[in-house]
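Residue numbers (this note's numbering), protein chains in the order written: chain Y, 1 to 635; chain G, 1001 to 1066.
By construction, these hints were calculated from the structure, which means they are not laboratory data.
There's no promise every hint is true.
Stated by the list, open to error - SDA-like cross-link-like pairs, simulated, lysine to any residue; straight-line CA separation at most 20 Å:
| hint | chain 1 | residue 1 | chain 2 | residue 2 |
| --- | --- | --- | --- | --- |
| 1 | Y | LYS211 | G | ILE1005 |
| 2 | Y | LYS372 | G | ALA1010 |
| 3 | Y | LYS341 | G | ALA1031 |
| 4 | Y | LYS341 | G | ASP1036 |
| 5 | Y | LYS211 | G | ASP1043 |
| 6 | Y | LYS341 | G | ALA1054 |
| 7 | Y | LYS372 | G | MET1053 |
| 8 | Y | LYS372 | G | ALA1012 |
| 9 | Y | LYS211 | G | GLU1017 |
| 10 | Y | LYS211 | G | ARG1041 |
| 11 | Y | LYS211 | G | GLY1023 |
| 12 | Y | LYS211 | G | ARG1003 |
| 13 | Y | LYS264 | Y | LEU468 |
| 14 | Y | LYS372 | G | LEU1007 |
As the list claims (entries may be wrong) - What the simulated footprint calls covered on chain G by chain Y, stretch by stretch (three residues with Cβ under 8 Å from a Cβ of chain Y suffice, anywhere in the stretch; the number is not a length):
| hint | stretch |
| --- | --- |
| 15 | 1020-1029 |
| 16 | 1044-1058 |
As the list claims (entries may be wrong) - Cβ-to-Cβ under 8 Å is the rule here; a few derived chain G residues that face chain Y:
| hint | residue |
| --- | --- |
| 17 | LEU1011 |
| 18 | ARG1014 |
| 19 | LEU1015 |
| 20 | MET1016 |
| 21 | GLU1017 |
| 22 | ALA1032 |
| 23 | PRO1033 |
| 24 | GLY1034 |
| 25 | PRO1037 |
| 26 | VAL1039 |
The model shown is predicted, which means the values in this text are computed figures rather than measured ones.
Every residue, glycine too, gets a C-beta built ideally from N, C-alpha and C.
One letter stands for each residue in the lines below.
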Amino acid sequence: MSPRSALALPAACHDEPPAPPRGSKARIVAIVGPPNAGKSTLFNRLTGLRQKVANYPGVTVEQHRGRVRLPSGDEIELIDLPGVYSLVHRSEDERVTHDTLLGRMPGQPRPDAVLLILDSTSLARHLVLAANVLSCNLPTLVVLNMGDELRGRGGSLDVTALSRQLGAPVVLVSAARNEGIDAVRAFLAGEVVRPLPIALPALQDVPACHKWATRMGADAGYRAPAPPMWTRRLDSVFLHPVGGPLVFLAVVLAVFQSIFTLAKPLMDVVSGAIEGSGSWLAAHLPASLLRDLLVDGIWAGVGAVVVFLPQILILFLFIGILEDSGYLARAALIADRTMAKVGLQGKSFIPLLAAYACAVPAVLATRTIEDKRDRLATILIAPFMTCSARLPIYTLVIAAFLPEQPLLGPFLGTRAAALLGLYVLGFLAAVGTARLLKSSILRSERTDFVLEMPPYRWPSFRQLGLRLVDRSKVFLHRAGTVILAASVALWILANVPRHDGQAPPIAESVAGMLGRTVEPLIAPLGFDWRIGIGLVTSLAAREVIVGTLGTIYGIEGTAESVGLQEALRMHLTVPAAVGLLVFFAFAMQCTSTIAVVRRETGGWKWPAVQFGYMLFLAWTGAFVANRITAILLGS
Amino acid sequence: MLRAIDLPEALAQRLMEMGLVPGSTVSAPFAAPGGDPRVYRVDGAEVALRREMAQFLTLETPEDPA
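Next comes chain Y alone, as it looks inside the complex:
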């Protein structure tokens, strides 16, 4: 190997002063581990629902915090740090983990102890991180996870011997099966003991660390498990030159079809409950302005959006299953060549798939892309992917204008096909934009593509469940804040100015005037002032338009008599409806995404460019779609 200049590397942590003793405040324990070692599983196992996700100040790394209650009644604050292979920091994730362990993270006290979680089936590799963490001289429990898998595949290890060599306690657990977790709790409850000093290798010298790790393992009688046969067998199908892409396509199609078919009965239940409670309120409350606000404003507006919760959860459930089972990495591998054609890479595939749920986590997920240009390009195209916030308006318009008919027997109906078409449209816009960017301002010579293939594992219902609860909270929180506020504001704007204590006709209200102001701009697209109000309010978040239309038609009285779909048919031609779908496929109407892009790219420049570009594309696309549909229909 050619000689390399030494990098500016972090010194080992010995010289750091020990954390000052804290008074009555809860002890802080950090979970550290390599990716795929089961950090989150252990974190969820210990904290259950008592956790929250936040961002570290100044950086984009997500911070998961939770509380563990001990038998003594004391509480411990648990922080799940980003997955790292070592504390030699190159990426933002590594810097956050490194700085937190050293107590250098602003606004973040140094942890009192560390749970170092390693995969016992790849111990020789993962012990490298142990050298890094032990050098920090914090009380450390080494948690060897996947103990059941190690046993099952014929591997073994002398835990006591390893503990003696590392100078720190070691436990063998299975976080997924809840085996050995009591030992972890006992460590959290017990006296904190600093690790005994042992000879550590130079952390910058990775081959030396590997030798050290291998020796540690060998001296503790570590017998590596047999290769994961199931993973090999599955990969010979999923990564088969012909079978692989077919499975890939089948998975994608299955996800889309079930978003419609599985979600339908659940959505009917939710919408029935909302309509039922709405009319009950209307019947039982005395007639007053407050009742009108509650029923026509809040119930119609918020209810119209909450209906879509089942659909969004099903999408997140599928993405969760794909991610936890390990298939997502294979999908990224299969997609790499295709992504390379537009100048991107397989790693962009994961954020882009996440963008089908929501662009915000997608933009955060781009952090796994080491290549800066590829990362920026992925951020810029992510909002084109059809996020779940578009589903409400898509499903509403499709259901209103397109009758359901089977296309491919029971496998694909016209409505699912139309939805799939919109997903493809967004994807094509993303691909086209990526090509444009990567052949001009973001051109790069070589792409750094390194992707670890984790073994396949059964997704745990508990993990998936916790994630869905988390998503529901985020969605309902938005419904309870942004959408509620928009509904109330809109109802008020639609009811002023009042004449003789009477609400004006909605067309003459402030909201109506607002809609009429933008009407000339959107008239070429076939949208009237009602849609205009929706486009303005949906600048906050896309799904708001459905609530807005619910409120407008609710006040007009059309929604109650004929339903939202029928009301839409009365006010929108078919070409305009197609235009509306295209508009929503392209426009960047989401303040959360704009905010996260600004933070990720470090300024207003990129989000401003992105918003302008997408709006231009949306208007032009809607106009073209409108004209083409009109010609096709012969009108």
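Fit chain G to the known structure of chain Y by using the hints.
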């Protein structure tokens, strides 16, 4: 057997942390359709690399040192 990694330091270190340490035995059991990227197996870990990057890894068969 992997002999050397001729890539920028940061990238080489990342590969080594994932198990691709000079001296280890490497096989390439799977690949994406078209043969690129390829999955390299080392020490039970599997890491996918594109050809444009894998070409900087020097591999040799133990019997026949290049």
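How the hints compare with the structure:
no. : hint                   : result
1   : LYS211/Y <-> ILE1005/G : holds, 17 Å
2   : LYS372/Y <-> ALA1010/G : holds, 14 Å
3   : LYS341/Y <-> ALA1031/G : holds, 17 Å
4   : LYS341/Y <-> ASP1036/G : holds, 13 Å
5   : LYS211/Y <-> ASP1043/G : holds, 13 Å
6   : LYS341/Y <-> ALA1054/G : holds, 19 Å
7   : LYS372/Y <-> MET1053/G : holds, 17 Å
8   : LYS372/Y <-> ALA1012/G : holds, 17 Å
9   : LYS211/Y <-> GLU1017/G : holds, 12 Å
10  : LYS211/Y <-> ARG1041/G : holds, 19 Å
11  : LYS211/Y <-> GLY1023/G : holds, 11 Å
12  : LYS211/Y <-> ARG1003/G : holds, 16 Å
13  : LYS264/Y <-> LEU468/Y  : holds, 18 Å
14  : LYS372/Y <-> LEU1007/G : holds, 17 Å
15  : 1020-1029              : holds (count 4)
16  : 1044-1058              : holds (count 9)
17  : LEU1011                : holds, 6 Å
18  : ARG1014                : holds, 6 Å
19  : LEU1015                : holds, 7 Å
20  : MET1016                : holds, 4 Å
21  : GLU1017                : holds, 4 Å
22  : ALA1032                : holds, 5 Å
23  : PRO1033                : holds, 5 Å
24  : GLY1034                : holds, 5 Å
25  : PRO1037                : holds, 5 Å
26  : VAL1039                : holds, 6 Å
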